[in-house]
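Novice: Listed below, chain by chain, are the residues.
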Amino acid sequence: MAAGTTMTAANAIEVRDVLKTYRRYGRRRQFGTLKSALLSGRLFRDLRPDDAFQALKGVSFDVVAGKTFGIVGRNGSGKSTMLKLIAGIGRPTAGSVTVRGRISALIELGAGFHPEISGRENVFINGMMMGLTKREVAKRFDEIVAFAELEDFIEAPVKAYSSGMYMRLGFAVAVHVDPEVLLVDEVLAVGDEAFTHKCLDKFSEFRRKGRTVLLVTHSLDLVTTFCDEVLWLDGGMVRAQGDPRRVIDAYRLDVAQAEDRALGQAATAAVASTSREPAGKAPPASDELPEPVPETAPGASDTAKPSADTTPPDLFKAVEGRWGSREVEIDDVTFVGASGQPSHVFPSGAAVEIRLQVHAHHPVSDLVFGVGIFNADGVCCYGTNTDIEGAHSGAMSGKGEARFAMDRLDLVAGTYKVDVAVHRKNGTPYDYHRLLYTLRITSPLKEAGICRLPHRWQFSGDIRINGLRPPEGDPPQDTDR
Amino acid sequence: MLLSFRQLYRYRSLIASLVARDLKARYRGSVLGFFWSFVNPLLLLLVYTFVFTVVLPGVRPPELNPFALFMFCGILPWTWFSSSLLESSNVLIAGGNLIRKVLFPAEVLPIVTVFAGLAHFCLGLAILVAFLLYYGVPITPSDLLWFPVIVLVQLVLTLGLALLLSALTVHFRDIRDLLTNLLTLWFFATPIIYPLSMVPERLRWYLNLNPFTHLAVAYQEVLFLEGAFTGWPRLLAVGGGALCVFVLGFFVFDRLRDTLAEEV
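Protein chains in written order, with the working numbering: chain A, 1 to 481; chain B, 1 to 264.
If we strip away everything but chain A, and leave its shape as in the complex, we get (with noise of 0.2 angstroms):
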């Protein structure tokens, strides 16, 4: 990947098919004593990594000077230990790591600082430990401290220091190290919004004096604002590279497809340990009992409180769970959109079917479908059921497919659960399904509230409002629509 850019000394970091592994510590912990290690001659070969972890599988990248480049990536993908091997604190088992010039890492803010003596001190040895000369830090001294707002306090010790003046304390110091290149490992997720402003406006600082900055983080936002490049890590190796919209994108759909996967498998196991609750003594068998009538009676006084009669459970109770006299038997739910492929995730606006799978151990006559969707606060954002929308009769034998189809579901951003049953019509519940499936509905916009009221905004008049957008849904913004 460095093919176009191999000008010489243009890269203020080069990393190099970098191996990381970590050891385990399986076997050493059974020997880990000195008297074993040296019974068995084994104290050097002991350090070496035997049951090993890799960290970091074969990374190379290169980071031109001047630029600031973002480092993303789930946690447990490498980054961090990339920004250590960059730093110098650990080295790489492989690989090489070559940076130009001097090196200021923000890791952790005030890392060195002793609490019992003065912040003046602290700076004295904090600088010294990130190699200013005494004299470099006598000649910043004040610039730091005025940079920190800690003028009143400054021979204070640090113990007395709140943790923003703290952080505000370590953060003065690394930045002036006058680093060529300046790692910062999220921390700006740390301290108020004031402070926050404070390090942005010293990385815009340090990019226009053309220093090097290597960002690693978890705000996106901050990323495809601030950074010229970025290198998406996953796994320990590089998934992608280079402009921070594109990769901040394709990452962006990665995770969205990760936590898809992962609501449905919390779905399929809450299914699964609450249809096993109601046997009790055996759950094996307990999946699909062809007898329903044993296990009315201990499934409904299990899971929630009245035995299932006038009224369904009370729904204000926000407690997950499934119960009913399973004559009929929800087998399956899924959440299928307009690809026709079964997700998790869909964008505000999207059309959306739930699908229910049922089928009845014996011919009913009295039959009402009910879907209900609630937002993570637990309000029902919206309830219905075909008894409510009219449906004077129901009957169903033998399997069959419910599919209750939005063709918008315009709620906001969030994360939803959702509710599905089959009952009486006198509410009394076949199968109920309480709050066991997840929807998670993503936005670019952050509206408040539940649900998109369908508008649009009309100007007249000589006002102008430029850029609104539309939701992901929909296609691009047409004034006439």
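Because the hints were derived from the structure by calculation, they are not lab data. There's no promise every hint is true.
[Said to hold, decoys possible] Here are the simulated DSBU-like pairs of lysine-lysine, each with C-alpha atoms no more than 35 angstroms apart in a straight line: (1) B/Lys24 to A/Lys134; (2) A/Lys202 to B/Lys24; (3) B/Lys24 to A/Lys57.
Everything numeric in this text was worked out from a predicted model, so none of it was measured.
Given the coordinates of chain A, work out where chain B should sit on it, guided by the hints.
Specialist: For chain B alone, kept in the frame of chain A given last:
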């Protein structure tokens, strides 16, 4: 390794500042302040004085007078030695956050511990000298020249062991417990609270294997005993050995350097 040495040299002012910080931080908020540096050796001194003048008055050789002062000459450097080793065995683990989060040579930490111990030693020395003058112990001028050499030999030896122990303890935590017991044994196997001359001939050979024997004897000869310093060939031999220990300690530390950030 040479590179590491050079880097260490670059960080000398950091070491100096950290030693100063250590001393300052240790006594900040305490009423007696630096006086605490003396409490431990003084207490030891009091106990042994009590034992050897009140409980066992006949044991001590009559020519060593005052005997307490003789013991102090050995206890003071021993305190420096043992506390430095004990502390440095823990210093990397205690400073783990620093090693994992800040890029700087980790050997600075045990080195700082040893030098902070040296500072305490020098303070204690002031007390010792005051007592020596008070009791009118004669001082030979040539001995004064040897004194810094003895301190230097001990410094090199302590540094080497501190580097070795600090790096190994990260991997083998039981070294700390081992060391506590070992140092107690070592103390009594060194002629500090008894003169070497009182040790039976057949045991003396074993004691001579102990490098600190020669250091303690050297301190006693130079500070306490009359006449010129005669043990210098042994001292220089110990010095050579100390240099080897230092190189070994630094080598082991250098080898383990990369694993430290992961293990602490």
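Novice: Next, verify each hint and record whether it holds.
Specialist: Hints versus structure:
1. A C-alpha spacing of about 18 angstroms is found between B/Lys24 and A/Lys134, which places the hinted pair at or below 35 angstroms, so the restraint holds.
2. Distance check on the hinted pair: A/Lys202 and B/Lys24 sit about 34 angstroms apart at the alpha-carbon level, within 35 angstroms; holds.
3. A distance of roughly 46 angstroms separates the Cα atoms of B/Lys24 and A/Lys57; the hinted pair therefore is violated under the 35 angstroms criterion.
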